[in-house]
Structures are given as C-alpha cells and as structure tokens.
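Visitor: One line per chain: the protein sequences are A and B, in this order. Each residue of the first sequence is one higher than the last, beginning at 314 in our numbering. Each residue of the second sequence is one higher than the last, beginning at 25 in our numbering.
Result set (EDC-like, lysine to aspartate or glutamate): computed pairs, CA atoms no more than 20 Å apart in a straight line:
#1 A:318 to B:62
#2 B:27 to B:52
#3 B:27 to B:46
#4 B:77 to B:52
#5 B:79 to B:46
#6 A:350 to B:62
#7 A:318 to B:83
#8 B:77 to B:96
#9 B:27 to A:355
#10 B:94 to B:120
#11 B:95 to B:50
#12 B:94 to B:52
#13 B:81 to A:314
#14 B:79 to B:93
#15 B:27 to B:96
Calculated directly from the structure, the hints in this document are not laboratory data. This structure is a prediction, so every number in the text was calculated from the model and none was measured.
Chain by chain, the residues:
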Amino acid sequence: DQQVKQNSPSLSVQEGRISILNCDYTNSMFDYFLWYKKYPAEGPTFLISISSIKDKNEDGRFTVFLNKSAKHLSLHIVPSQPGDSAVYFCAASAPNTGNQFYFGTGTSLTVIP
Amino acid sequence: DVKVTQSSRYLVKRTGEKVFLECVQDMDHENMFWYRQDPGLGLRLIYFSYDVKMKEKGDIPEGYSVSREKKERFSLILESASTNQTSMYLCASSFEGTGMNTEAFFGQGTRLTVV
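For reference, chain B alone in the conformation it holds in the complex:
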C-alpha cells in the first residue's frame, strides 16, 4: 500500500513562529506536492518538487518555502506564520508523467492553526 505520512495531524502555532511540516512517502515517487485546502477554494498548490533538491512554485508560494534533501521527504516551511496561513495542509506524491498509474496519493493532512 502506498503510504504518504505527514508528521502531525494538528498543530497550533503562534504568529511569527517558524513552522515545519514534514512529509514522507514510501513509494519511490519522483514528484511530491504541498497543497492547502480552504473552504470554497478547493486544493491550491503551494510548491511541488520533481526531483531531489528541485522545487517549483505553485499557485500560492508566498510566505512558504520547501526543502527536498531526500527523495522520500518533502518539507514545507512557513518562515513567519501568520493567521491567514491557518488551513489544512496536504502533502501528496506521484510518479512522473501523466496517464494511468500517475495519480497523486495524499497524506492524512495537517490542520494548522496560527493564533
């Protein structure tokens, strides 16, 4: 079974804190993604990575950075947390390309609250 594991289910952080969200996948997928989900806005892509040390901005990268030092691990960093970053964060991974067997597999999500 494909497993994408996010380090925390729930987090509460203070405004201005630096926040690390960790994600690990065990399927040897080339691609990894970070999304946030907000009511009425669906899933919005923050950053993605198609290889170790490679990263690409998604639709809403402002206020975030990422790190991929190993193929199986993709970290999302909130440099200085703000209340508008309160959200559900979802990590996903997939094989490269499009078409059958390239669907993304998601972790269980991290509900982050910034107070």
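Okay, chain A solo, but in the shape it has when bound:
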C-alpha cells in the first residue's frame, strides 16, 4: 500500500520556467516531508524538507509547499536549469514508526535548454 504517491512519472520544462512536482500522501500521522534528487547511477541527495507545522519552506530556487488538509505537497523550482534534470522523490516520516522514511515512486524532470 503506497502511502506516498507521485502520480506524474515524468515532466518536461523549458529552461528558465517554473517546474512544479507534486506528491500526495495518505497517512495523516506524517509530520515531516522531504524531497530528494537523484541522478542516474548515484544515490539520492537531500534537497529540502518541511515540517507539518509549516506550509512553506524556501531554499534558494527551491520551495516546498504543504497542504495538510489535502494531504498534498509540491516542490517548485524557479528558475529551472538544465542541471536540475534528475529524478525527484518525495518522502515522509511519522513519529513512532521506527524512523522509517516512506518514498514516492519518483518524477523524472527534464529541463530543456
């Protein structure tokens, strides 16, 4: 049972435009959400996170939005750059679950120069 879902397997965006990656979750106990970026043949690298007590967190070109009532989060990348082309995974964790991270299936972002 997939508790974290990324329904778009791929996304293409023009360089300089905004990329919006979406993620939905089902477990209302999740209190911490993360985005990871993964290049081929490498491990995922942590990008940005947000606590459930916030609805927005910003770090440079990356902003994560959390809508708890909709159980939805999104990652905005502005402006998009060709080096942002990678697979993006969202993840979530909840207290008292043994520190597990639950990952989505990933969205492959291609930024076209």
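Got chain A sorted already, so can you dock chain B onto it with the hints?
Guide: Relative to chain A, chain B alone:
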C-alpha cells in the same frame, strides 16, 4: 560532510550465490536502512536498524537478511541470489526521530546484476 559508503558500485553474481553488500557511515547515526530502487517502483525499504544488533523488516524483506554488529556498519545479505534481485541497492543512515536534521543520507548505490 556526511559520508555513507557502499563497498561496491557494480556487482555481477550468479544465481544461488550468497551476496554481501556492505555499508559504512561516519556520522554516528543511530538509524541505517537498505532500499532497492527499481523503475516505476521508487525506493522500497528492505530492512532498517535503529541500534546495534537491532533490525526491523521493511516492505520487501523476503530473500534478504541484515547484520549490524557495529553502529557504523550495516550489511545486507542475499542468502541465495535470484535474477529478480537484480536492482540498484541503496544504503542510508539518519539520526533518530523525525523533524529537522533527521533526513536520511544515502550512499552512492550498488548496481547488482544476478545472472
């Protein structure tokens, strides 16, 4: 810098072999994880450990076992490798708890091919 190091980048093993994947972290993290990544399936948790000699099954533990004899080292064992275990294996570690500064740090991955 946090470092999670996996012993091999690429491995080719024969069906039926016993396979050991090693992972070492240098951040004194309590938690360590083994995931596998397959196209369209994302990252699936095989096993995790929150302390030395402790282990918990993840979503897909069948065919695997783990060992954590020291805090910094977490080994994944394929008891008898099969072709359906061909995959990218990812080790990760994190501090205990949820919230800021508990994100998982990943190793570079091991691409295992079972022939």
